[in-house]
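Colleague: Now for the letters of each chain:
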Amino acid sequence: MKLLRLFELIWAGIKLNFLQLSWNFERLQNIGFLFSFIHILKRIYKKNGQDFLRAIKRHINFFNTHIFFSAAVLGVMMKLEEEISNENPETKEKNIEDTKIGIMGPLAAIGDSLFWSGIKPLALLIGAGLIYLYNYDTKIFLIASFVSILIYNIPRVLIKYYLLFKSYFQFTELFLLIQKIRFQDIMKSIKFFGMGILGIVMAGYFNFKETSVISSRLLDSILLLFFFIFIVRAIRSKVAVSTIFITIVVGSVIFSYIIIR
Amino acid sequence: MSVEKIVLISFLGALLELDTFFIGMTLLSQPVISGALAGWILGNITTGIFIGTIVQLIWIYPPVGAFVPPSSSAIALVSTVMTLFFFEMMHEVDKNSIMMFCLIIGVSFGYFVGQMDIWNRKLNTIIIHSFESKIQQGNIIYLFLIQLFSFLAKYIRDVIGYLALFILGIPLAIKIFATLPEQILFGLKLAFWIVPVIGFAVIYCLFQTKDGSIFHGIILFIFYIIFIFDRMDIHYFLILIVLISFLLIYNSIWKERSREN
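First to last, the protein sequences are chains S and V.
All letters in the first sequence, in the order written, are residues 1 to 261 by the working numbering.
All letters in the second sequence, in the order written, are residues 1 to 261 by the working numbering.
These aren't lab readings, by the way, just hints derived from the structure by calculation.
Heads up, none of these hints are tricks.
Simulated crosslink set (DSS-like; lysine-lysine; CA at most 27 Å straight-line):
hint	chain 1	residue 1	chain 2	residue 2
1	S	K166	S	K42
2	V	K134	S	K94
3	S	K42	V	K134
4	S	K42	S	K79
5	S	K92	V	K134
6	V	K210	S	K180
7	S	K238	S	K188
8	V	K134	S	K100
9	S	K15	V	K122
10	S	K188	V	K210
11	S	K209	S	K139
12	S	K57	V	K134
13	V	K134	S	K46
14	V	K122	S	K57
15	S	K100	S	K160
16	S	K188	S	K166
17	V	K5	S	K139
18	V	K95	S	K209
19	S	K139	V	K95
20	S	K100	V	K122
Which chain S residues face chain V? A few, computed with CB under 7 Å, are given here:
hint	residue
21	M195
22	F228
23	V249
A few chain V residues that face chain S, going by a derived Cβ cut-off under 8 Å, partial list only:
hint	residue
24	F21
25	F22
26	Q30
27	F50
28	W59
29	I104
30	E132
31	I203
32	D211
33	F223
Remember, predicted model here, so these are calculated numbers, not experimental data.
By construction, the Cβ of each residue, glycine as well, lies at the ideal position given by its N, Cα and C atoms.
Okay, chain V solo, but in the shape it has when bound (with noise of 0.2 Å):
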């Protein structure tokens, strides 16, 4: 793996970041986008897809008002980088111990980020004051240059944060790795088991209705015992989603405006 490929990701890492947030929200983000993309460069998408999936559910809150949660984005990004490393270099290990600790440092550094974007926000305040005054004389310029060192600042920050925890970090992490005693890989193994779930919780915590909890009880059984035999296609799945779509609309707005009229 080059220094290049490395580079690269953290560029385009930064530029998938300001999406979560700052710019759009247009879900280019998305962790599975991000581990994908990663994977890509690397020379192995699967397990970039693999990764951002498990991330893609779990770290799923927003940024409302003040609250700024950890980036999803650099979560599934990191983890994918690292653990393409660690493959590389650890063939006897079991994968999913190797997975579930690069998780492990994505997760903390996801949240580094989520702190590193509350000391923009701060900078912003800074970066306002220092402009306010011409704007309101009306040198509208300034207007462009805030936005401008606003966009340079969050940018430059990422790139530099995932530089040096790719510089620094992976040699570090890999020593660390290799001094790990086999019942702390196998928690490790076990606790990657489980980690998806946490995704599937999130959702149904966010979705939970009285109704919707007893559907997606029977849903799940009913589907349980359908995969057991088969599994569905996926055009038929796709159809499903834009009939339910579809219905799902009717539904909520026209029904409801016909009944009214």
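The shape of chain S in the complex, shown without the other chains (with noise of 0.2 Å):
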């Protein structure tokens, strides 16, 4: 068994950076999976061995994952393809085929669901609420965008090269990892957490900004309120955010037409 370097994982990490810069309608992230870990592919077999031509054919099929879950795909076709032995190539090819076609849905699933509807909301949410809720000068901006920059980077890393060497160096307990980390539950605490910190921006906007129509401050706010559950029933509605942006533009020009003669 060849042992893989650390220095070539962490690599392999740094070019998944690069899973879909050239995602395509046909197969999607193919060519960035297959050139994040060539190197490996070619330390692994000898290189214009026939192997290491059938691996590539392996990897340049279709393949479609959560970008920063994909590190797992990747340490477990680094350790399928280092193990598995190839005296059997059509067995090999199926065994690694079938695996990667059966994590890649869940971990998408997965990521998808904690990291655009659970972290990065939220990271945005906090950086654009130290804004509003204190002012729009450099100091603030700063601390807002670091923080913000933070809150989504330190799990997006640790989530990555974890799953790189658990999934290479433990490829049989991953399966065990994934069934056993509770992603309802941490997804209903990212979404609690949110709705409070959402309350104290819009407490904060509604008290502090300075566009205001009506000069009283508690007349404005309760107006605001009103649109607030509006656009909310709207997009429960499945109503396009780009339609309700048009609506208010469009509306508002009407009524100040009635308004204004």
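Could you fit the two chains together into a complex? Lean on the hints.
Modeller: Dropping the structure here:
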């Protein structure tokens, strides 16, 4: 068994940042995935050998998962490429292909919900919230950007490299680990925390904002709260954000034509 | 404002644009950063932060699978550049009407960038088809070339897009704006007052749970009352975020684990 060097794993992880660079509608992230560990395939097989060419053909096929959780697929693939014997290429092909297809989907679902519906909106909310609550000066902006980048990137980097090493060194335990982690509870906690922060940010925005149409602060806040409820209802009814945006612009112009003659 | 600054913003904006989906996805391309960057180069960072913060929460939906959303980074950057040009040319017009008008242009361009990304992904398929047979023969340099061409196609296209908009679009937009009647200007001001609420509604819908909605309502009410009397110190707010984050991690991971044991 040829054990890969630590540096090679880290380098593959760094190259995973380019996973979506040549995203295409045919096979999605295939080129990015192959690109991220071609140096490892080169080391496992001798260059230009038949096994190396077979490995390339295997991994140039369809690939699609969450960008940060793709590290787990990468680790597993490296391990399988290294460990499964080359004596029976068809069996190896089937084993690797089946494993890849089997883990891509669940990882994409977990990653999409954790990052795109949880950590990212929370990080952006805290960043924007700090600016709304305090002011628009450079110091607050720097703190807000730093905080939001930190909130998003610490889990991003930790999850990515943890999954990469775990899936390579303790490949059999990976599936057990995924089953064990309570993503539902984590998501519930993030959402609850996010709602609290949103409450604080909205309270601050209604109190401190400089743009107001009505001179009474309380009446101004109540009207904005009314619009908030109206927009929430529209989003829940699957109205697109762009449609809401256009409706507000058109509605405001019509309203101003009514009041200014 | 010089042409050099516009060229610099176009090159840097296109670089940030890569982070939205193609490379890394590190949140460096968040609207508040792209808005502030444009504002800083043009000598008015506050306006950039102001516009970026509004955009930050509205167009938050990420590109999942084949879905291509509008570029929020481009929306903030274009709106800021346009706004600052307008501020320099028009001193008597209400600033909120100008910002709303420029935001509409920014949103249109953001959707156009999303459309250009679809073309780019189609182009990637063509590039891959041209080089695939060579990769399968073991010439892995072509793997690198596909990534490089995809990068250049996206980057150059975005730079050209920004430059074309700034050079041709700004004079045209100023001419159109100058013809707008009082009613439309007031309508734009009114819309600009409502638009930030869309961002809050988007986040609310993302995080909404039954308990979370009640919690949000209570927090909003309590903090609205608190903020009438005093603005919370930024350090307390940051400590609050850190404390709740620890509670969140403890509650969702360790507490459940200790319960199992």
